Amino acid sequence: MTSILIHIGYPKTATTWLQDIFFPKILNYHFVSWREANRLIYNSSCFAYNSERVRDEFFKNKGANLLVSSEFFSTAINSGFNYGYFSYGISHKLKETFPDATIIIFIRRQQSLIPSAYQQYIKNGGTYSFKRWLYSGEVFSFEHLIYSKLIEHYIKLFGSNQVKVFLYEDFKMNNRKFMEKFCQEFGFAVDWDSISYTPTNRGLRRFCMPLLKMVNHFYKKPVGRKRFICHIPGMTTVGRGVIKYLNPMPVFGRYLNEDDFLSKKDLEYIKNFYSQHNRELTSYFDKQVLENFGYYL
Amino acid sequence: MSASILHIGYPKTATKWFQEEFYSKLTDIYFVRRADVFKRFVFTDVFSFSPDQFKGWLAPYAGSKRVVICDEILVGGLDIGFGNGEFAKLVSERLHKVLPDSQVVIFIRNQHTALESAYSHYIMAGGTYSPSRFLGIKPMFNKPFMGYHLFNPKLFDYSKLIEHYITLFGKDKVHVFLYEDFAENPEQFIAHFCSNLKLELPENLSYKRVNMRYSWLALQKQRFLNRFTLGNTPFKQYFLNIPFLYRYSRQITHAIDRHFSFPRFKFDREVHKWIESRFRESNQSLSQWVDSEKLRHWGYPL
Numbered sequence: 001m002t003s004i005l006i007h008i009g010y011p012k013t014a015t016t017w018l019q020d021i022f023f024p025k026i027l028n029y030h031f032v033s034w035r036e037a038n039r040l041i042y043n044s045s046c047f048a049y050n051s052e053r054v055r056d057e058f059f060k061n062k063g064a065n066l067l068v069s070s071e072f073f074s075t076a077i078n079s080g081f082n083y084g085y086f087s088y089g090i091s092h093k094l095k096e097t098f099p100d101a102t103i104i105i106f107i108r109r110q111q112s113l114i115p116s117a118y119q120q121y122i123k124n125g126g127t128y129s130f131k132r133w134l135y136s137g138e139v140f141s142f143e144h145l146i147y148s149k150l151i152e153h154y155i156k157l158f159g160s161n162q163v164k165v166f167l168y169e170d171f172k173m174n175n176r177k178f179m180e181k182f183c184q185e186f187g188f189a190v191d192w193d194s195i196s197y198t199p200t201n202r203g204l205r206r207f208c209m210p211l212l213k214m215v216n217h218f219y220k221k222p223v224g225r226k227r228f229i230c231h232i233p234g235m236t237t238v239g240r241g242v243i244k245y246l247n248p249m250p251v252f253g254r255y256l257n258e259d260d261f262l263s264k265k266d267l268e269y270i271k272n273f274y275s276q277h278n279r280e281l282t283s284y285f286d287k288q289v290l291e292n293f294g295y296y297l
Numbered sequence: 001m002s003a004s005i006l007h008i009g010y011p012k013t014a015t016k017w018f019q020e021e022f023y024s025k026l027t028d029i030y031f032v033r034r035a036d037v038f039k040r041f042v043f044t045d046v047f048s049f050s051p052d053q054f055k056g057w058l059a060p061y062a063g064s065k066r067v068v069i070c071d072e073i074l075v076g077g078l079d080i081g082f083g084n085g086e087f088a089k090l091v092s093e094r095l096h097k098v099l100p101d102s103q104v105v106i107f108i109r110n111q112h113t114a115l116e117s118a119y120s121h122y123i124m125a126g127g128t129y130s131p132s133r134f135l136g137i138k139p140m141f142n143k144p145f146m147g148y149h150l151f152n153p154k155l156f157d158y159s160k161l162i163e164h165y166i167t168l169f170g171k172d173k174v175h176v177f178l179y180e181d182f183a184e185n186p187e188q189f190i191a192h193f194c195s196n197l198k199l200e201l202p203e204n205l206s207y208k209r210v211n212m213r214y215s216w217l218a219l220q221k222q223r224f225l226n227r228f229t230l231g232n233t234p235f236k237q238y239f240l241n242i243p244f245l246y247r248y249s250r251q252i253t254h255a256i257d258r259h260f261s262f263p264r265f266k267f268d269r270e271v272h273k274w275i276e277s278r279f280r281e282s283n284q285s286l287s288q289w290v291d292s293e294k295l296r297h298w299g300y301p302l
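Each protein sequence line maps, in turn, to chains U and W. If you read the first sequence in the numbering used here, its first letter stands for residue 1, the second for the next number, and so on. If you read the second sequence in the numbering used here, its first letter stands for residue 1, the second for the next number, and so on.
Among the clues, some could well be false.
Unchecked claim - Here are some, though not all, of the chain U residues that point toward chain W, as calculated from beta-carbon distances under 10 Å:
no.	residue
1	S44
2	F47
3	S79
4	I90
5	H92
6	K93
Calculated from the structure, these hints are not laboratory results. Fair warning: this is a prediction, and the values are worked out from it, not measured in the lab. For each residue, glycine too, the CB sits at the ideal point set by N, CA and C.
Same shape as in the complex, but just chain W (with noise of 0.2 Å):
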């Protein structure tokens, strides 16, 4: 049996894709569905996880096959908490003690862009913060534990989170990709992808995009009816809870988006410069696992 692969994340790396098309077309493989992620391994507190139980409960299922689990919820940090990467790490030590030869796949994305991402997604989920309150360039409290299950981007780090995978599983078993080389040319890339991790390519793949960033405007609408609901993120300004319209409003977001063509939403200038300087240093130092001329071409803050 080939060793387990663990494709991590990040989020708003095209993982949904991966999770509905790629992995759940290939046939030697067992993939561990999202329900048994969450229930059996992520959201297993953390003094009642028994990795000897999770292992027992994998084995008959994936017989001999080989295990993939793929989620960006491994590494948390939009709809979980960041905080201070406990979660993140709790889960890296808990994959080490479950599966400790697998094959690590970290996909990473400029911030600019994935940052533009989460925070759609985050205005999604029900948020109304703006993008500097939402990114913490105007902290929201003085007392840092009070934003502790905020969206944090530290997050974003990448080569911290890559670091302590190599720490854990070493470093020929830590494969970081770039998101921007999966967009530019699906069917090279995956090609590549399936021999670098020896798996079979599956036939029939649908490169078509699972997740749209949403338009400018249809963002504006949702966040201002967001106002008027619970919404799903626990960080949010809220007047009154309208029932449904959570929902209804929803709907037509997507509406607006799929009827019509207005520009994708962006942050402005500002914001971008903000990200440029609050991530140059950390990103320094991934060209130990990614050629520096790459990152600079897709414009990773560098």
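One chain only, chain U, in its complex shape (with noise of 0.2 Å):
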């Protein structure tokens, strides 16, 4: 019988890694990163979604075990929450789609995760500062990160046994002994002399987010809402550039962290948002576990 494992995110929780290097890596399975699963099924229309199509397309006659890795299933973080109906949406595609499939969910701490997608907001084109960018709801929606209503959401669609919740920081901590456990729970075979476990997206450098943000007051391509100026062609690539060769030098400063976006006041409302919709992920983990990663509960 064939196994198919569906992995949805959460944005932000080392899916570029999984996607780029481990996931292709693994041998018994037939992988299907986020371009051709975002083609297939969250680009498609609601209303004309044929699943056996998508199904076939999908394995395309190879009929061996099959991954599909998309953050964009939990919805990325800068195109906004929505009252959840594009979740929703997926969602049912998916189960329509794969009725018997195992639904992978990675979470991060909200406090970690959301200057993490600040920058992520940065890097691909965004200009808002962090307070607007966090509170003024036109870019973040903080009931996005409420994990424990999606895990459940998905629970009911496809059965507790068959959703599967990892802690990113779990990862974090020793990737290596995590992913050991991770491919003993799923039974895959991995070439592991071929696996990097450098970071792919790494954050920005201290130096690095003003001029990028310079930079994306003059092009278009807002993920979620910006600010520009006016569209100058070639300051996307400028902007690529900026990421791709000045982001890794030194001179640019360290590497930003959580605490150079979040004041006191900022963890307090975090706090208070989430600390009791974390506390249902007791049912998944340890409280203890969960407390020692700094989740607030």
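The task is to assemble the complex, starting from two chains supplied on their own in separate frames and drawing on the hints.
Next up, the structure:
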């Protein structure tokens, strides 16, 4: 019997590393990454969705075990939460296409994910300040990171045995050990020698952030909302150049971390917002483990 | 109690008139207020919405009266990104769970004028894009998810949504009306509409149009000033946000059209050509529910 695994994110939980480095090296699974998965599922009309055709396209007569990964399935942080209806639409398409699939969800403590998502917003062309991005509701929605609700929703659709939740912090603490356990759980055969654990999508350095924000004011390509003065052709490439060539240089300062973004007041707000919902995560993880990793409970 | 009525739009098909003038004057129905539709039905997140809770809230208010919900927000699309129909589908399923035996009312309008009206709406909401950018003739982004919240002409593929509602509610429960029939002779149309849905014709109805399409000049002025305001739409290009300008600029736009009679805003020929070919195929299926001669008469792309 073939096994179908669908990794739905969340975004900013090492998804790029998993998709670019790890999943392609799994020998006994046919891996479909986000571009193809989005084309077939995320971007297809809800009213003309042909689940059989989509399923066939995924398998393409390969008949092997299937592993699909797209963090867009839990919807991109910078695209907005929109009362969850995109998540809902996608989850039902997934259920229709792969009723017997196992869903993989990675979560990360919100006070660590939020600064990372903001840096992604800037990398993708955003111009808003952190406070405006966080609180205005124009880009980020706090509801987006209520993990327990999405997990419950998938459990209702696929069943509790078919939804597997993992902590990003567990992976971060000892990625080799974590991945070995992860592979054991799903029966992955991996070519371990070809796996590199170097992070693939690092944050921004201290002085690259303002530089990139300035460049972003001169081209359109909003992920969420942004402000741009005018569109100068080629500025997108300049922005990409800043990330690719200047950001790795230590001369631009150290990499920013969550303390550079979140004030005490922000942390208090995040704690008040999420702690009640995070307590529901204790159905899947030991309370002590969550607390040790800094989840607000 | 007769079956409830769910009047779901489309946007730009006189729904405001129905809300403010027609349903509000019917005495034998319970017309769910817009604020309640928003708060309790549409903008309750997908993980928190409970059909039983909504039914429990509605029952004491409605009593034995016939429930009527009329809101174009139920198909989304103008101020809510259509995406790939996620919102419209979610809402339709919610409606079916809450009021499964309802009569569904869908007004459609020929896409040439419906999209002109939708574009005017976008400009009045603070938009700055040209018609071809707004309609997606010139795509803004290569990656589809980036334009997910932008207006999507897929919304106006009427047949898909009608079919979907028929699948949910049944063929005899879904009533498709043409906006043009209403606009041509509202009195006659409403009499027919009432007898069709077994409603009592209200007295003292005013058939004055509630929403008028703006003139070309007023709209261009608004579009220019929108570059200096934040407005109500995320998809736009603006230089800076001058406080209060958005509100005052809209007032000027209204004043221009109140005091002068400039030609109404229309798309240019190229855009109409695009609309004609974009909607031809999907409109052909409309003949299952509406006389195709009538569609042709009213200028629907066929």
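Here's how the hints hold up against the structure:
Proximity of S44 (chain U) to chain W holds as hinted, the smallest CB-CB distance being about 6 Å (cut-off 10 Å). Taking 10 Å as the C-beta contact cut-off toward chain W, the hint placing F47 (chain U) at the interface holds, the least distance being around 4 Å. Given the 10 Å rule on beta carbons, the hint for S79 (chain U) holds: about 6 Å separates it from the nearest Cβ of chain W. A cut of 10 Å between beta carbons decides the hint on I90 (chain U): the least distance to chain W is about 8 Å, and the hint holds.
Nearest Cβ of chain W to the Cβ of H92 (chain U): about 8 Å, under the 10 Å cut. The hint holds. A hinted interface residue such as K93 (chain U) counts as satisfied when its beta carbon comes closer than 10 Å to some beta carbon of chain W; here the least separation is about 9 Å, so the hint holds.
In this structure, every one of the numbered hints holds.
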